[in-house]
Each structure stands twice: as structure tokens, then as C-alpha cells.
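Using the sequences and the hints given, assemble the complete structure.
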Amino acid sequence: MADVVQDVVDGTVVGIVFRNDETGYSVLRVAGADDGSFRLKQPECVVVGTCGAVWEGEDLHAVGEWVTDKVHGRQFKAREITCATPRSATGIERYLASGLIKGIGPEYAKRIVARFGEDTIEILDHHSGRLREVQGIGDARLAKIKKSWESERGTREVMIFTQSYGISVAKTAKIYRMYGPDSIAIIKSDPYRLCRDIWGIGFATADKIAMSVGMAKDAPERARAAIIHTLQTEADDGGHCWTSEPELLLHAQELVGISVEKLAEALKLELVEGRIVVEREGRALSADDTLNDADDGMRRVYLTDLYWAERRVSRKLQKLFSSPRSYDSIDAERAISWWESKTGFRLAPAQERAVRTSLENKVSIITGGPGVGKTTIVRALVDIYAARKNAKGKPLISVQTAAPTGRAAKRLSESTGVPSQTVHRLLKYNPQTRRFTFDSGNPLTGDVFVFDEMSMVDIRLMDSLLDAMPDRATLIIVGDTDQLPSVGPGNVLHDLIGSGVIACSRLTEIFRQDNSGLIVRNAHRVNAGEGFELPASDVDSDFYFIAQNDPEKTLSFVLDFMTTRIPRKFRMDPMTDVQVLTPMRRNALGTENLNMLLQKRLNPEGPAVQRGAVLFRKDDRVMQLRNNYDKDVYNGDVGFVAEAYPGDRRLVVLFDGRPVEYSSGDLDELTLAYATTIHKSQGSEYPAVIVLLHNQHYMLLQRNLLYTAITRGKKLVLVIGSRWAAGKAIETNTVRGRRTSLAERLAAAQ
141 MADVVQDVVD GTVVGIVFRN DETGYSVLRV AGADDGSFRL KQPECVVVGT CGAVWEGEDL
201 HAVGEWVTDK VHGRQFKARE ITCATPRSAT GIERYLASGL IKGIGPEYAK RIVARFGEDT
261 IEILDHHSGR LREVQGIGDA RLAKIKKSWE SERGTREVMI FTQSYGISVA KTAKIYRMYG
321 PDSIAIIKSD PYRLCRDIWG IGFATADKIA MSVGMAKDAP ERARAAIIHT LQTEADDGGH
381 CWTSEPELLL HAQELVGISV EKLAEALKLE LVEGRIVVER EGRALSADDT LNDADDGMRR
441 VYLTDLYWAE RRVSRKLQKL FSSPRSYDSI DAERAISWWE SKTGFRLAPA QERAVRTSLE
501 NKVSIITGGP GVGKTTIVRA LVDIYAARKN AKGKPLISVQ TAAPTGRAAK RLSESTGVPS
561 QTVHRLLKYN PQTRRFTFDS GNPLTGDVFV FDEMSMVDIR LMDSLLDAMP DRATLIIVGD
621 TDQLPSVGPG NVLHDLIGSG VIACSRLTEI FRQDNSGLIV RNAHRVNAGE GFELPASDVD
681 SDFYFIAQND PEKTLSFVLD FMTTRIPRKF RMDPMTDVQV LTPMRRNALG TENLNMLLQK
741 RLNPEGPAVQ RGAVLFRKDD RVMQLRNNYD KDVYNGDVGF VAEAYPGDRR LVVLFDGRPV
801 EYSSGDLDEL TLAYATTIHK SQGSEYPAVI VLLHNQHYML LQRNLLYTAI TRGKKLVLVI
861 GSRWAAGKAI ETNTVRGRRT SLAERLAAAQ
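No gaps in the numbering here: position 493 of the sequence shown is 633 in my numbering, and each next residue is one more.
Do not rely on the hints blindly, as some may be mistaken.
[Stated by the list, open to error] Below, simulated DSSO-like cross-link-like pairs (lysine-lysine); rule was C-alpha separation at most 27 angstroms, straight line:
hint	residue 1	residue 2
1	314	758
2	854	868
3	314	820
4	482	550
5	771	820
6	482	534
7	693	820
8	242	286
9	568	456
10	709	854
11	328	357
[Said to hold, decoys possible] Listed next, with one range per pair, are the computed distances between beta-carbon atoms:
hint	residue 1	residue 2	range
12	390	462	38 to 46 angstroms
13	785	459	44 to 52 angstroms
14	534	342	50 to 58 angstroms
15	676	340	46 to 54 angstroms
Keep in mind the hints are simulated off the structure, nothing from the lab. None of these values were measured; they are calculated from a predicted model. We treat Cβ as the ideally placed atom computed from N, Cα and C, and that holds for glycine.
Following this line, the structure appears as C-alpha cells:
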């Protein structure tokens, strides 16, 4: 086979037809350079290929070959693309007018180049003060231009370095914002900082850089990074607070191929540096203890923050137990009688016991599935507390309520009549200090705190929440332990109940008697390991199961029900009322493919901003993927795109009516949310849910997964999938436990 002849194109970028900032793949319009270096006779051509950052006006050098595309015709397919700052006056003007530099638009680009010509780049690099010679540029605009120019030049240099490691343009910009002009030196000295500091850059990328800059495979820095990465993975993926020392060393060895002996030395160094804590039988060990103790199987290794989070949660609960209330005790029997007389509602014996338990204890838990009366109990408690007033009618007991998500907080507010908010907003994050405003030094004000959907709360958030509790406060925790545990590490609600030291009301009797009967009954049947109860074929219901084994037909059903049948029969808006739930992100029935298909059907047109393979259009339903305290949006929050600006790749998203702006560098924090994973749906309820269960999901099919999915629907639940997958989920109750120590700490303190 003959060698492919490589051709060369040199020219100026005059248009960016398409650009994927995640992969660098670009479709560029290139014109002949002013110095005549363009090697072809036509005035303009299309160049396609992968490159780092690229802007209009830049000089381009491409190596590749000419091909003829069936759709787009003749174009240059580049194997290698290099872009550089333009040298000609025309190119410089186009470059500056592209919007790259803040403070310079088309008009100022023309003025600057008219004044300095081909020396413009030299002026910007070394004599920026001379820009004052240009009409309209004063000190304020000059400062903006100078800052933006320095950032762009620095980012480009870093981008050239990071491009070969597959780091996207957006993440490179974050690297430069984090490390500044010394970015490359910092990365080379400790590549593993990237996975600690930059969200979305993993150990594999950092390790690739480390190997390429000459770090030895058994270097202590690499071994230490492997220890931390393994613990972080156990926390993020498994929800574990600790890992046994032998298991930790084994997993780290599998990751990097370093001997267990050297990894043990690395573990000791991390312990000395304070990044980890090693505990044996409740006692934190020193580095010498770790090396000398032969019984390593008894040693638990924690990331330091998780260790102290568990310790502080246990200690704070002990403090709440032992401190007096901030208000006079309430006669539970009289209070319950008063509430029943006031409302005309008679509490069932189990509900009455739950109200009494919470009134008589500083800390209490109310747990149970859907329809068992948790909401009624909370409403009764709030009413009883609110009724305590002084002679002037002023409330004597202040009640605050909160939940992990905005939707859950809204439901709690509607059911109690008390304004509710998310836990994060209750604690008030301060972007300047990067800490919550309320903590032990500045506790929340209030006498009684009611927190709902607590199965979602991980150990870190529970630590922050209890840290802000006044010692004399009464704490009422509400949640369903049979749902999926928190996304983050820990198993807080399960551990609090399992400790046996907190007064707990467990409700099992179903009280809800309305048209949602089959949803509630099937949720409890699944939880008991029983199959679905289905309606007769000629009876309208709120719960349906459609047996379908073929993935393509399943997709057709989803699209049909989401866009046509549910809106028509149940008068629901598919953009706001119907949520598709699936166990996985990838494969044909995963969220990524479902969102793409649903977007094409529900919102196919309009201005859009692209990130990777995803298009965000005006009116799209989107979800936040991580906590962003600066924006006051949190993992799992759902909003709608209010505005999309393709030119500068910017979005404005409405979260509960509040606008939040996303620049191009923030787009990796968003995903489309027409379909979402069942885990991400925790804490939310929807008028209708479509739940997918298929054989291809077999690795994730668990009883608590299906139970959580069913309990998300308020008026309609439609399960589509194979009978085998549904049966597998119902019968599989061997949920992998989470390694935590909170229950032990609480029990040991009694």
C-alpha cells in the first residue's frame, strides 16, 4: 500500500464553523495569509481536525490530506493543527475583534491596529500602557484589557502543554485560574494536584502527566497519590467512610503496580502529613503504631475529613442529648388532644406514639415508607409547637424546617405551613470565606429543627448541619431508610437508627386512601419483596407495567408516552411534569442517549450552546452535577435554560425562578435532565415518572433502587422493561453495605 502523501495548509482562520471544547475537534474556514504563504490557489478552504484553543484571525499551520466528504465536499483533513498569534495587521484586527480579549470589540480592535499596526502584539505583550494613546482607552478599560490579555497568553501556553494529555480547553482554563502563570511548573512538580484541585480531572490523567515528565513508577509521590485516590474512590463510588488497611494497599497496588511495602511507607507519610487517619478499635494511631502493629486487618483508614466528620457528629448528638431544652416541656397527651380537636383529625395509635416520642425527646427520628403518615405527624408537631404563645400572642417556640433538595423543601413547606429551605441555604455558604456562615461559633437561631428526606444526607453535610445546631435545640429527623442511601459517603440515617441510642418511630401501616393507591401499595410490595399489583386492563390506574424486552421498542414506548400519550390522557406537560428514570448513564437505555432523543422530540430548535456532544437549548430541562457554593446551586438541582448565547457559549438557567449564569468553563457542571438516574432523583417528586428496567441494567438492579424510583411518582408511575429485570430488582435485597463507624461511635458513647 502506497504511503499517503501529506500536504500542508498555511493560512488565517476566518471562521469557526464547529468547535467541541471537550475533544478539540474543529471545523475551520481558512483563507490565504496576507504574505501569500497559502499553498493553494483557492481563496478559502475548510480544515477539519483536532487542535487546542483557536480564534478567528489566528495564523494556522495544518498537516494532512485533502479528502472529499459526501455531504460537505472537498476539505482538508488535518492530522496536526498548530495555531499562533497572527502577524499581519488584518489578521491581528480580526483576532482582537473576535471577543477573545475583554475590553476589545470590533471598533477598538480597528483603532488599536490603526495606531500600532503589526507592532500591536508587541505593544500588548510588553508596553500595554501605550494603549492609552488610542482614543477611548482610559485606565479602567486598559486594566481590563491587560488582565484579559495576560490570562489569554498564559492559558494558551498551558493549553499547548495539556493538549497532548487529553485535557479539554474548558478544564485548562480552570487550571490557569487555579494556578496562574506558574501552572506548568506546578503541574510538573506535582501532577497529582490536578485530581485534588480540578473537578473532572482524574487520577489516570494526572498519572499520565507524571510518567511523561519523568517521574519514577515507584516514586513516593505516586504511591502517596495512589493511597489518597483509592480512599477517595471508595468514598465517592462506594459511599465508604473507611477502608481496611490490607484492602487499601491491595487496591492501590492494582492501580499503580507498586509493591505493598512501598505503599505502606506512603501510607505512613500521608498519616504524618495529616491527610489520613488510621484507627484501631476506636483509637487513632500514630505513624509508629501503624508500622509496628501486626494486626493490620483491624485497622481502618479514613480520609481525615471523613474521620473527623463522624467524630463530630457523634459528639454533637451527645451534646444535644445532655443539654436542656430551650423551652418548657410540653404535656404530650394534652397537646395531642388539643390538635385532634382543632383539626378534627384522629391520629392512629402509631402516629400518636410518634408525636409523643418527638415531643418528649431532644432528638428523635420518624421513618417509614410512602403513605404511612409521616407528613401528618410532622404537621401535628409543627402546629403544637406554634400554638405555644405568650400573653401578647407571640410564639414562644421557634421552628425551622429544611430538606436536602429544593423540591423536598418545597413539599415540606406546603405540608407544614412553615417556610422551608434547603440545608445548604439554611447554613448560608459564604463565598469569601468558603465556609458556611452558621457553625459552632455562629449557631442557627431556633428551638426546634425539622429535617426531612434525611436518607439523602451524607456524613459531611450532617457534620455541617449539626455543627450549626444550638445545644438546647430539639432535633426531629424524618426519612425513609429503605430508599437509596446518600450519593456522598456515609449512611447517616441508617446509622442513627442502628445505633439504638436515638428515639425512633418506625411507621408501617398505610393510611393514604386516595387515587394513588397502587403507587403506594406497589412501593410497599416491592419493599416486602413482592411483585407488582397491576390494574385490570379496562380500569384507569396510577400504576402501569409494560413488559418489553427489546431496547429499541422500549425507546419508542418512552418517546411515545413522554411526548404524546401521557400529555393527552393525563393533561400533563412533558417539559415540567414527566420524568424518565433509569438506573444507568450509558447504553441505549441510559440517560445520555435518552436525553438526546427526548430533546430532539421535545425541544428540537432554538439557540443552543454546545459542550462536547451535548447541546443546551433555550427551554431545556437541566440538572446541576456538583455542589457549586459560589452559584448557590447543588448536586441534583433541576432548572430550565432561560437564555442561550451561542456566541460566547453562555447560559442563563432558572432554578426555582432564580437566574444563574454559566460561562463556557462551567458547562461541565450541567447535564440535560429529561431523563435522569434513579439515584439523582432522590428527594424529588414528580407528577409522573417513567421507570426503565431492562436486562442490560442487571448489575444495578436492587430492591431499594426500584423502591426509590416508584416513590418518586405522585400521580402516575409507568414501568417499562422486562419481567426478568423487574423480578431481579425485587428479589435482590443484598445491598452492599457501607463501611462507616458512626453507629459504633454513638453506641460506645452511651
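To see whether the hints hold, each was checked on the structure:
{"no.": "1", "hint": "314 with 758", "in the structure": "holds (25 angstroms)"}
{"no.": "2", "hint": "854 with 868", "in the structure": "holds (25 angstroms)"}
{"no.": "3", "hint": "314 with 820", "in the structure": "holds (26 angstroms)"}
{"no.": "4", "hint": "482 with 550", "in the structure": "holds (25 angstroms)"}
{"no.": "5", "hint": "771 with 820", "in the structure": "holds (20 angstroms)"}
{"no.": "6", "hint": "482 with 534", "in the structure": "holds (19 angstroms)"}
{"no.": "7", "hint": "693 with 820", "in the structure": "holds (25 angstroms)"}
{"no.": "8", "hint": "242 with 286", "in the structure": "holds (9 angstroms)"}
{"no.": "9", "hint": "568 with 456", "in the structure": "holds (20 angstroms)"}
{"no.": "10", "hint": "709 with 854", "in the structure": "holds (16 angstroms)"}
{"no.": "11", "hint": "328 with 357", "in the structure": "holds (15 angstroms)"}
{"no.": "12", "hint": "390 with 462: 38 to 46 angstroms", "in the structure": "holds (42 angstroms)"}
{"no.": "13", "hint": "785 with 459: 44 to 52 angstroms", "in the structure": "holds (50 angstroms)"}
{"no.": "14", "hint": "534 with 342: 50 to 58 angstroms", "in the structure": "holds (55 angstroms)"}
{"no.": "15", "hint": "676 with 340: 46 to 54 angstroms", "in the structure": "holds (50 angstroms)"}
When each numbered hint is compared with the structure, no violation occurs for any of them.
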